[in-house]
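**Student:** Here is what each chain is made of, one letter per residue.
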Amino acid sequence: MAVAQPAVLAAEAAHRRRNRRRHLLIYAALAPYVLIAVFPIYWMLITAFKQDPDLYRMENIPFFFNMKPTLRNFEILFFQTNYGAWLWNTFAISAWVAAITLLTAVPAGYALARLKLPGAENTGIAIFLTYLVPPIILFLPLSRIVAELGLQDSWWSLVVVYPTFTIPFCTWLLMGFFKTVPMEIEEAARVDGCGQAGAFLRVILPISLPGVLTAVIFAFTLSMQDFLYGLAFVSPGDQKPVPVGVPTELIRGDVYYWGSLMGAALLVGLPVAILYNFFLDRFIQGITGGIGK
Amino acid sequence: MTQSSLRGGPDPVARAAVVSVPARRVERPWLSHSARRLMFGYTLLAPAALYVMLLVAAPFVFSLYLALSDASVGDPVARFVGLDNFRAAWEMDLFWLAFRNSVVFLVVAAVLKSLLGTSLAFLLLQNFRGRKLIRGLVVIPFTLPIAISVLSWKWMYDSQFSVINWVLSRLGLIGQFGTEGWPIWLGDPKLALIACILVNVWRTFPFSAIVLLAGFTSVPVEVLDAAKVDGCSFFQRFRHVVAPMIFPILMIGFLFDTVFTLSDLSVVYLLTQGGPANATKILPVLAYQIGIQAGSLGRGAAIALFLVPLLLPALVLVLRNIKRREW
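Taken in sequence, the protein lines are chains P and E.
Counted the way the numbering used here counts, the first sequence spans residues 10 to 302.
Counted the way the numbering used here counts, the second sequence spans residues 718 to 1044.
Chain E with its partners taken away, still in its complex shape (with noise of 0.2 angstroms):
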């Protein structure tokens, strides 16, 4: 009977049902039914749009505001100062430092995780017994929460037990502790950086892998075949028919990268603090050290939105292939 009601059969039911309708819009004549549908949508999207225009758009502007400003944690009352928080910033050694270190960061990481990332998907890509065991097991460094991991590696860093200079030493690759073939990873400005960018590549090139591998699978096998039978050969088929279909695909992995590790401070703040003599001083960290620690929250907000104009491409780019995905 349900089956026969829902399309629309001769059931009195159902006939009813539908009657029933124009009936009750009758009760409201004066909103429209295109004019309740929206005011019912507008009510479901108001407490989410709320939300993050109160506590995210809000505060990105509030963030503008208390760079132009004095502001700090002991003194509520803020003047304004116009640029003085972003001269004070460009004229400070500090800052460039940390920018450097920030650029060095982001794109020795990102050459390390893609090469690692890539070559692990096309691994992932074969067919083989126990795929799904070994994926689960590649990506979790991913999943795991990351001030988390972070300590683990703090332990395997540590500067007389680190067990990664145990298996170095006894391989013969270095010295004995004590020695000056003894590597402090997090002690040694020369060392610290690179085993902090080793802790962000080894977090992040799971998460590249998996992302080029959604981006292989959703190429269609028929695509392929078709580009095989006209005649292309593999890196033919490589080049002009996977490489523009994964290339919105591996943008977006690429950019939302970009995003988390230039902006993310959990890691160097818990391996160096940005230590030793400012070896690794990160944007992030200096705006935290600045702002929170020191308490000087504008002059803190302007280096932090020093990151903005390293993010905007990043965003932009974002939105262009968001865009293109189809609706």
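Next comes chain P alone, as it looks inside the complex (with noise of 0.2 angstroms):
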């Protein structure tokens, strides 16, 4: 015993050297690619606390802060620019494109996955396959369509359009959802004498709260991913989401404010970032059809 426990302490060391050796690798191996994904953001991040004259020395080293580090770009945002509004725009946006789609969504997910309609198959698919028409066809006949309800120039255009891809989106997750709550809680409600209404409000849609949520996040985040509707129907710089006035009303002609553009630009995107993040396996679940778990 005594003499055999030199060689399993060696065998041990050895075996630690070996996996050490091996992350050592796969991190030297993955850092070329976060530093491509993760630079522009810290690129943006700085710049936007940097002084002017900083952000122009070519001979300093441009990595880190030169000068005094300076909240003076964030306050030419609030103080002489619209940015407040494209914040409160955007925020309302996403709030009533979120609430269409819930209306509309959740029960049409509900119907299709638990109602054994005939064709809800079919009619499933052709709901998901609408997410597939790009706005750049759609673009032109909607402006005339939002400019007969008299909604050009509004954000309200941009609420009744983004719901056109998040609907489509949602429906479909919620669809996958819906289905994998077990048949029998349903029935359980039923035969307690629950009607099909009060079975689907009582029963189904508590327990799918987290599916629920999740189509809430996605009509959020794929509303702040659109640029060309907002490009193409807003016009007045105080009527604008912000991904849409930060890069039309902020860049004047040859003059940029690097440092307010940045910070605009951050303050927005990176909240959204951060909660995509948490629900990527979901999209990526609900555009491939939830073949990967």
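By construction, these hints were calculated from the structure, which means they are not laboratory data.
Being a predicted model, the structure only gives us computed values, none of them experimental.
Careful: at least some of the hints might be erroneous.
Partner residues are not named here, just some residues of chain P that face chain E (Cβ under 10 angstroms, in silico) [stated by the list, open to error]: (1) 46; (2) 53; (3) 74; (4) 109; (5) 136; (6) 141; (7) 143; (8) 241; (9) 256; (10) 264; (11) 265; (12) 267.
Quick reminder that beta carbons are idealized off the backbone N, C-alpha and C, glycines included.
From these two lone chains plus the hints, build me the complex, please.
**Tutor:** Below is the structure:
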């Protein structure tokens, strides 16, 4: 026993060494990918807090602060531009879109998944495929429809238009979700005297809350990914959402306020990116039809 | 008590509930149970279906109509002009340049992002500490709203203060600012398209990697072990077990990316607006500039519709792959 112990320890140490070397190799291989992915975000972050002269001195090393960090860029943003209005618009648009999406996609997803409608499968696929009709084909006819509704040049036009991609995606997502709720739960509710609607509202909906929340998150994040509709339908400076307002209003001719631009972009982009990050697997599952678990 | 009633035990409350169901049905004898279920179902489905029909299907048909008319922003009365808009686009040099740029963009971007995406997926497949964190960092480009991340690139591609050039210059790979050897990424017709393509690749290679990863992890370990026991080599296992199993998911990911890349206008519009000298003019940018900026709705719609033959094969293939999904 006492003789075997050093041998065991040596083997363990060798194993640990090998494991450490393997880790180092993997990290080294991954480093360039992480660098490529994250550097532009780091660059935005540091630019947002730099003083203007610090941005334009080529003899300094630009990767860190050569002068004191400043909040001046954000001051400009909030007091000299429409940024506050854009933030509010973005929030209001997303909230409305999320509400419309929920009110339509939740019942539709449930009906397609659970009520054995004839042709439910094909209907589901047809709705999902409309997610693949790109905005570039729809934006011209939609501009006419928006004008007919009297909504041109107001952010309400985007409330009407964004559900064209959030409803198909979320219906599909929720359809998959409702399928995973055991049928027995619904049957038990029926046995206990719930009607069809009662079973849906009082039993299925509460236990499907995670799926419903996921749909809300996507209504938010997908709305933020749009640029074309906002660009085409909303031109007054105070009506734009952030992703449209920042690049179109903060760049005037050849004058770029890079610090404010980057601050404006990050303030909204980063929270959205982090939120989306947590739900990315759901998104991939959604579009690949739930093959990957 | 609830448990026994769920199992249909001799619970008086449960029995009463069962009995009460036929009683309720008698109240409305003119509707059978299944008819009521169907009515309930279609009522639930209607809002979503209507929304999609009114604001996706109808506009799509309307865009066909626009493309066949001389509708413009200033003149609401549109006359039918047949295929004039399509013919005009066909005869426009700029259209063919945009078509060519779109195809080059799509193909070069697809090659680069599948190389980066595949290698990244293999790395992320390894078992190591901090995997979740690294995965979270690497996918940020895809999750950041596109108009926002493009701004960062616009700053990095700045003609004078480009950080990319700063690094390359310090490494001695390019000349000093103001000399011939200083690349002006967005101002040089030879560089502008590749600069735009790189932004698209940066944004979507994490997507390729994650889709591939989802494919790999969907292959059950037992199947791989069984193949190993049967004496399959690594490459045989990959070729005959893994590849066929992940093919559908890969296909769908690839097609999604094709649709989004081909129809996306934001990268090019924000970086170069199609310039310099039309070097980065792609179909979506051309359709936007003619349809909205020049106000020629019919002509713009026709150009946008030229994307359909490029997108259609992708749509059909997605459809076929989705149909194979287990229900």
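**Student:** Now, for every hint given, state plainly whether the structure supports it.
**Tutor:** Status of the hints after comparison with the structure:
1. 46: Result: holds, 5 angstroms to nearest chain E Cβ.
2. 53: Interface hint status for residue 53 of chain P: holds (5 angstroms vs cutoff 10 angstroms).
3. 74: For residue 74 of chain P, the interface hint is violated, since the closest Cβ of chain E sits about 15 angstroms away, which is over 10 angstroms.
4. 109: Because about 8 angstroms separates residue 109 of chain P from the closest Cβ in chain E, which is inside the 10 angstroms limit, the hint holds.
5. 136: For residue 136 of chain P, the interface hint holds, since the closest Cβ of chain E sits about 6 angstroms away, which is under 10 angstroms.
6. 141: holds, 5 angstroms
7. 143: This interface hint holds because 3 angstroms falls under the 10 angstroms limit.
8. 241: holds, 5 angstroms
9. 256: With a minimum Cβ separation of about 5 angstroms from chain E (threshold 10 angstroms), the hint on residue 256 of chain P holds.
10. 264: violated, 13 angstroms
11. 265: holds, 8 angstroms
12. 267: This hint holds: residue 267 of chain P lies near chain E, its Cβ roughly 5 angstroms from the closest one there, short of 10 angstroms.
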